[in-house]
Amino acid sequence: MQRAEFESQLNELKDAAERSLTGVSGLEDLQSWEREYIGSKGSLTLMFRALGGLDSADRPEAGRLLNQVKQSLTATFENRETELKAGATAARLVSEAVDVTLPGRQPQTGNAHPVSLMIDELSEIFALMGFQTVFGPEVETGRYNFDLLNIPSDHPARDVWDTIIMDTLSEEIVLRTHTSPMQARVMEESKPPVRVIVPGRVYRYEAQDASHEWMFHQLEGLAVDSNIRMSDLKGVLQELARQLFGPTRRIRFRCDFFPFVEPGVDFAVDCAICNGKGCRVCKQSGWLEMGGAGMVHPRVLAGVGIDPEVYTGFAFGLGIERLLMMRYGISDIRAFAGNDLRFLSEFAALTV
Amino acid sequence: MNVPLKWLNDFVDPDVSVKDLAHRLTMAGLEVEKIEEIGNDWDHVYVGKVLGVSPHPDADRLVLADVEAGKHHLTVVTGAPNIAAGQTVALALAGANLIDGHSDSGQKKVLKPTKMRGVMSEGMVCSEKELGLSDEHEGIMVLDDNAPIGLPLQEYLGDSVLEFEITPNLAHNFSMHGVAREVSALYDIPITVPTGADLATLPAGNQNLVVIENTDLCPRYAATVCEGIEVGPSPAWLARRLQNAGVRPINNVVDVTNYVMLETGQPLHAFDRDMLEGGRIVVRTARAGEMIETLDHIERKLDPDRLVIADASKPVGLAGVMGGVSSEVTDTTTEVLLEGANFNMKSVRHTSRALKLRTDASARYERGVDPNLVAEGMARAIALLLLICPNARVTAFADVYPEPLQPTTLTMRTSRFEQVLGISIPMTEIIDVLGRLGFDAETNADSSQLNVTVPTWRKDVSIPDDIVEEVARVVGYDTLPSTLPWGQTAPVKRDPVYQLRRHVRDAAAAAGGFEAVTYVTDSETDVDAFRGRERGSAGLIVDVPVERMLRIINPMQSGRNLLRVSLIPSLLEPLGANLKHTSAARLFECARLYVPNGPDELPAEVEAIGFVIAGERESLSVYGRGGELDFFDIKGMIEHVLQRAGIPDLTFEPAIDPALHPGRTASVSSGGTKLGILGELLPDVASAFGIDDVRVAVAEISLTAVLASLPSGRRDVPVQRYLPVRQDFAIIVDEATPAGDVERTLLDAGRPLASSADLFDIFRGEQIGEGKKSLAYRVTFIAPDRTLTDDDLVKFRKRIEKNLKQQVGGALRV
Ligand SMILES: [Zn+2]
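Residue numbers (our numbering), protein chains in the order written: chain A, 1 to 352; chain B, 353 to 1166.
No lab work stands behind these hints, which were simulated from the structure alone.
As the structure is a prediction and not an experimental result, all values here were calculated from the model.
Cβ atoms here follow ideal geometry from the backbone N, Cα and C, with glycine treated the same way.
Just so you know, not all the hints are guaranteed correct.
[To be verified] Selected chain B positions facing chain A (in silico; Cβ < 8 Å):
id : residue
1  : E821
2  : A824
3  : S834
4  : P837
5  : V849
6  : E867
7  : T870
8  : P955
[What the hints assert, rightly or not] Mimicking BS3-like on lysine-lysine, the simulated pairs with C-alpha atoms at most 30 Å apart in a straight line are:
id : chain 1 : residue 1 : chain 2 : residue 2
9  : B       : K461      : B       : K358
10 : B       : K386      : B       : K401
11 : A       : K283      : B       : K460
12 : B       : K386      : A       : K277
13 : B       : K987      : B       : K845
14 : A       : K283      : B       : K371
15 : B       : K1125     : B       : K1157
16 : B       : K845      : A       : K191
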């Protein structure tokens, strides 16, 4: 082949390719175009073979021209490809439009019981104050549930804990009426300093109504050391109240009687709803009762072999359900063991 | 205990609002539960005088009363049978809002002038019921003669009643005097105690008038014989006070005993002396076979150790609890024997409990009454009796008190106050406060010790910290600062069970479960329904026959007297309840199973998690594929939960359980340790729990076992740097071959590079022959040090092919 013939073929091919490309409207057509012209078996690629038929003197120039055409066609192709791809994507996006107000696909998930969430939260708060979370038996001996807590049999105080009693041969075994038996168990196990909290189920022989359940959850707290004072009890409970109900809450002690503490108090937090001014929730008193507390009775300390002259301690007890009722305005304690999904799922959104 | 403020004011008058008083007492430990205002709704009601009564011209049953109250003077038409000229009465004028005497519901009505049989009635003379004082509506209420005519009734009869909760330690506050002593101490104001008779001047009786056989159960017994008694209604003021304090007036003699008990805290009892054989008292234990009819008209058989009050021959009262009918004071009584005694609190408590009989007297004795109080009570009772029965006179008085109780002394470090409370209170203030409460206190020479004399009425004070509390509650806990404990902290330890419980709980919730909290008791019927009557194990994962389950003597829910050994029955109840209003429910609970040990030992408390699921797999939606929750849903939850808990290798094997579907039940284990059971409930078991026409899948896992199976320490699991290679295998096996066996064979043969084998298709059809199934697995291979090649895979493929043939009779499908 002559060089002139080669060049005119090349130009024709270039013109044809360029013409053809302007007619391409889709990515599929573009692929055919690519195969036809610049693919491995395309017409332009075949032209490279034709180079060999030229005079050796003409080859460099013809090769240069051929490469130039190839580059030019490739560039045009790539531009066209980019253009078409963008168009195709845009078209696909348009066609894929959905009604965004349709409901989302729901994963099937559940959540923990509010009592568990509250116990976790309390455990975390107390951990920051150096208290460990421990657990104890729910079925207890009279010795731990009463005797070691300075509640001897025949003492009228024993009536306060209306007790669910197990059928046994001779040993007095009961469903624990409070988490306090763990006070004695913990102090028997470890010497001061002691700082623990004990959450768990407790049981009372008590008729059910909106504010009474025969099974509920308590959280016991105990700190024993050589320098524990009642003001420390107040500080710890105030910290608790602030973590649970807001940074400006205050704690109030009221003299009360529990056989295993002396002095004994019940403690209340000022109502967060009315800021202590009095409202329906706090029954106009401005205060919400949280639990009982006091300094560990010297007889309880002595009973587990701790010298009450050297060591002092404080203990407190909280009702978990009661805390939840206070915090979320739940009016009926029976909801907690009611296990209605409409109630349980209310706590899916609660963050600790 | 109800304390009418006017009665309290006889002793002390702090001159503060009733709200302030109630608050102060409450904070100091004497909790006021309620304040009842009597008479604050008595607008337009006055103390009036009946000037005259004349017949109604047109009605036999009605009369016209001419009543005057200060500037008001009007005619009232009334049918009251007891109205008479000269009476002092409660006169209601138009506009008064009073309870309708004819209504049973206590409805109120505003009074308007009304024509009655032609005569205009301009007001009303009130009954007790109309004023809300009692249910009495037979006649009008007649006031004491000295009531000031024209005074608003509220000012004359109105009162505020403080209702107290008396904690067991506060026996000494169980009276007007006790509360008054408290008020006096809190407000630092003087107290006036009403005067009684001078006991020293009373004539001594016959030596045998009182004999105590058991001085340990009855440390003191005083008796006063009084003649010339005329039994009748009490004066209005006394009856009124009793009513305001919540005690029903009976007759003047009984009312005086009750009045004095409320005022002083000393229980008293009056016998009709003519009905006492020998006219005397013997305090002794009951004899075999003795009976007594108590004042509530119940004939009671007496145990031999029961302390009784007897006359010369028979029991006439249950000591400290209730008197007997035979010697009851009646209208015909003229001579009474007044008992003022002290009884052992445990003895009274036993009697009261055994006979299920609680009275105002027993409530006081059970808490412990000061034996020295007998004198105050008796003196006051005699004075009142003589005041009310002008013709009465004391003919004999005996006081048997062999060992008079002396005050005790307590010695304590003065530094104890600060050691316990965390604040420093000046010693002069401490001594002053204690003095106001009736304690004598003084320091030793170097002020290092405080010696405190404890009055006999303070049985509750026995240790130094009791004294600390007395001071703190009067000084006020508001003075305590808030501090935080300092010093050493306890060694740090996290509870492994709690950690695990949190992990499985969160995983169960993430897998769709809602955590439930259910009661820990089952009835025998529940156990039968769940386990069948074959009497195997009552538990699913613990082996406890129903006969061995722990039993409650006094269950809260009738029949539910067994401590559970499986969580499933108690979870089925809320499952059924929820399915009534929702299309699916997935519940789980983390709680304990109570596995009995010896008969007098505490049970083992096994930590468990139970699951019950039933209903639609997905909630109704435009995307839902639907389907019913079944075995594989619960299996997926269990796999998810146990993997999240950190159990590395789970093995599921077919299992048999009497409550579960014979073909859809599996045990789950790890490393040879059984962790739990899962399966679908038999339809008739579900039905017995009220769940019909839906599959119920359940599972129970022992967290105690899970904890024991957890690998110690964390495993080092580096992120693989080389890409995994995946290859699919279709394996034809007999229909009966468990997929789990095929999977295990695949993974074993692919060791050590096969990391997982995921079943993605099951095919049955002619092409592979009858009784066969083809299981398609995608196996993932990965090497820690290189990218695997085709040669590696060929090697594995050969081994897999060989092992499948040998171990499960399977063949690779090509
Ligand atoms: Zn409030």
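Evaluated hints:
For E821 of chain B, the shortest C-beta to C-beta distance to chain A is roughly 4 Å, which falls under 8 Å, so the interface hint holds. With 8 Å as the threshold, the beta carbon of A824 of chain B comes within range of chain A, its nearest partner Cβ sitting at about 5 Å, so the hint holds. At its closest, the beta carbon of S834 of chain B sits 4 Å from a beta carbon of chain A; the interface hint therefore holds under the 8 Å criterion. Taken as an interface hint, P837 of chain B checks out: its beta carbon lies about 4 Å from the nearest beta carbon of chain A, inside 8 Å.
Using the Cβ-Cβ criterion of 8 Å, the hint placing V849 of chain B at the interface with chain A is satisfied: the shortest such distance is roughly 7 Å. At a threshold of 8 Å, the smallest CB-CB gap from E867 of chain B to chain A is about 4 Å, leaving the interface hint in force. Nearest Cβ of chain A to the Cβ of T870 of chain B: about 6 Å, under the 8 Å cut. The hint holds. For P955 of chain B, the shortest C-beta to C-beta distance to chain A is roughly 5 Å, which falls under 8 Å, so the interface hint holds.
Proximity of K461 of chain B to K358 of chain B is assessed by CA-CA distance (about 29 Å); at most 30 Å being required, the pair is judged to hold. Between K386 of chain B and K401 of chain B the CA atoms are separated by roughly 34 Å; this puts the pair beyond 30 Å, and the hint is violated. For the hint linking K283 of chain A to K460 of chain B, the alpha-carbon distance of about 26 Å falls within 30 Å, and the restraint holds. A distance of roughly 19 Å separates the Cα atoms of K386 of chain B and K277 of chain A; the hinted pair therefore holds under the 30 Å criterion.
The straight-line distance between the Cα atoms of K987 of chain B and K845 of chain B is roughly 34 Å, outside the 30 Å bound, and the hint therefore fails. A distance of roughly 14 Å separates the Cα atoms of K283 of chain A and K371 of chain B; the hinted pair therefore holds under the 30 Å criterion. This hinted pair checks out: K1125 of chain B and K1157 of chain B have alpha carbons roughly 15 Å apart, not beyond 30 Å. With a CA separation close to 15 Å, the supplied pair K845 of chain B and K191 of chain A stays within the 30 Å bound.
Consistency note: the structure conflicts with the earlier hints numbered 10 and 13.
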